[in-house]
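Asker: The whole structure should be built from the sequences, with the hints applied where relevant.
So the sequence lines, in the order shown, correspond to chains A and B.
My numbering puts the first sequence at residues 1 to 126.
My numbering puts the second sequence at residues 127 to 421.
Do not take every clue at face value.
Across the chosen pairs, the derived CB separations fall in these ranges [unchecked claim]: (1) A:R109 x B:E180: 55 to 61 Å; (2) A:A124 x B:P317: 45 to 51 Å; (3) B:L327 x A:P112: 48 to 54 Å; (4) A:S42 x B:L351: 23 to 29 Å; (5) B:T302 x A:Q126: 49 to 55 Å; (6) B:K316 x A:A124: 28 to 34 Å; (7) A:I106 x B:A324: 48 to 54 Å; (8) B:K338 x A:L114: 28 to 34 Å; (9) A:A87 x B:S397: 47 to 53 Å; (10) A:G97 x B:P262: 33 to 39 Å; (11) B:E305 x A:M1: 56 to 62 Å.
Derived by calculation from the structure, the hints in this document are not laboratory data.
Glycine included, every Cβ here is placed at the ideal spot set by N, Cα and C.
Residue-level listing of the chains:
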Amino acid sequence: MSHVLVIEDNLSNARLVAKLLNHAGHEVTLAEDGEMGLTAISDIQPDLILVDLGLPDMDGQTVVALLRQESSLNGVPIIAFTAWPQATAYHMAQAYGCDGIITKPIDTRTFPQLIADYLQNAKAAQ
Amino acid sequence: MALYTSTPHFKLEGPSDQIAIPTSSFNFQELADIYNQSRVDYIVPMPMNARRMEEYVRNYDIDLDASAVSLNSNDEITGIGMLGVREERAWITRLGVIPESRGRKTGQFLVQSLLHQARQRQARQVQLEVIKGNDPAYNLFLKFGFRQTRELLIIRRPPGIPTTRQLEDVSIRPLTVHEIAPLLQQRLFKPSWIEETASILKAGNLKGFEIKLEKGETGWIIFQLKAFQMEHVVFYTPDENRELMTRALLYTLHQQYAKQDTKIENLPADSPVWPIFEEKGYVEAFRRYEMVLEL
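Answerer: Put into structure tokens, the structure is as follows:
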């Protein structure tokens with residue numbers, strides 16, 4: 001069972017993602033902003049982090065940049081979660097060191113497999 | 127969406143039995159919630175919380191009595207629009223219509239309300255920025271007589287020391303706090319509203335340094351330094367050796383503040399030094415069109 005940290009300010013999105021991940025057998029920690037997300041990693045060791053790029057205070061890019069500076073998260077995939085146009089989202093996610101992007105609104109049918117693939121790739125890379 | 131019940135300072139009537147009331151009737155959390163609801167499906171969602179809304183209002187001289195929230199005949203909130211006011215100029219910002227309320231000329235009504243308030247405050251010019259690709263908003267503003275003046279870039283840079291080598295023989299001098307305001311005032315080009323001197327000084331936590339090149343040309347860079355991010359980055363380069371100076375300024379900035387993420391808003395898209403920003407690790411997030419209306 002993997003542990004996924006989800007940093008997402010929109011409660012509906014967060015609940016949907018948590019439900020899908022729980023259903024797929026993953027443990028989920030939700031954080032509603034960047035500061036809570038950064039605090040969470042001192043308590044848990046996530047296997048994957050999903051970061052909404054459109055957070056209200058410290059934005060998603062800054063959060064990703066700070067997560068990438070944490071040595072304890074080496075090898076942990078960080079996936080940008082965003083409603084931005086795909087080309088822009090990809091460009092930005094790549095620049096900030098994300099391992100992938102998932103666009104909103106999520107496709108509930110493919111979302112669990114996308115997460116499984118990222119986790120599998122991370123495990124294979126270790 | 128919550129029902130509104132307070133007494134308005136002004137009440138402007140619009141189509142489909144809508145009214146506009148001042149945003150001063152709401153607290154910052156309520157304003158952030160309304161704004162976020164109106165932008166939930168926006169091209170580039172940029173949600174706010176109460177703290178960010180308060181900061182935005184303060185730093186950008188938003189007149190909460192002139193800014194408007196629109197309501198329908200059931201007293202349900204349908205949209206929001208804010209107006210910054212500085213002397214004889216006004217700035218329309220944070221305009222949004224709740225998705226369920228679209229298609230009823232709410233956006234048009236909000237713009238009418240804001241322009242009415244701008245005229246009441248003796249503004250001679252109104253400016254705004256609209257995200258490139260937001261054609262409905264762009265066309266709405268054209269209908270009111272706004273004309274496009276510039277295309278602006280919003281760019282980001284992740285933390286890290288620049289990989290390109292520093293130039294030799296530059297001298298670096300930190301700017302004192304007393305030097306910053308006068309230097310900002312000396313800028314020759316017209317900054318966007320959020321990068322005007324009034325905005326930057328209100329943002330606070332300002333730092334800067336001056337660089338002198340080998341042949342004596344000087345340039346400077348001023349920025350807001352926060353714990354994890356640099357914003358409101360403004361700079362001056364001499365016409366001669368502009369590229370050399372830009373490289374030196376950016377290299378020095380990111381070498382000294384390697385841990386900060388950087389956001390620069392509203393760099394003119396036709397800036398000759400944009401390629402140097404790209405060279406130093408900046409990426410384009412999105413673009414805006416600046417538009418102006420003479421009243």
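Asker: Please go over all the hints and tell whether each is borne out by the structure.
Answerer: Evaluation of the provided hints:
1. One distance hint, 55 to 61 Å for the beta-carbon pair A:R109 and B:E180, is violated here, with the actual separation near 41 Å.
2. For A:A124 and B:P317, the Cβ-Cβ distance of about 50 Å falls inside the hinted range of 45 to 51 Å, so the restraint holds.
3. For the hinted restraint 48 to 54 Å between B:L327 and A:P112, the CB-CB distance of approximately 50 Å keeps it satisfied.
4. Between A:S42 and B:L351 the C-beta distance comes to about 25 Å, which sits within the given range of 23 to 29 Å.
5. The beta-carbon spacing between B:T302 and A:Q126, approximately 51 Å, falls within the hinted interval of 49 to 55 Å.
6. The beta-carbon spacing between B:K316 and A:A124, approximately 54 Å, falls outside the hinted interval of 28 to 34 Å.
7. Roughly 42 Å separates the CB atoms of A:I106 and B:A324, a value that falls outside the hinted 48 to 54 Å.
8. Our hint of 28 to 34 Å for B:K338 and A:L114 is violated, since their Cβ atoms are close to 52 Å apart.
9. About 22 Å separates the C-beta atoms of A:A87 and B:S397, a value inconsistent with the hinted range of 47 to 53 Å.
10. At roughly 35 Å, the beta-carbon separation of A:G97 and B:P262 lies within the given 33 to 39 Å, and the hint holds.
11. For B:E305 and A:M1, the Cβ-Cβ distance of about 58 Å falls inside the hinted range of 56 to 62 Å, so the restraint holds.
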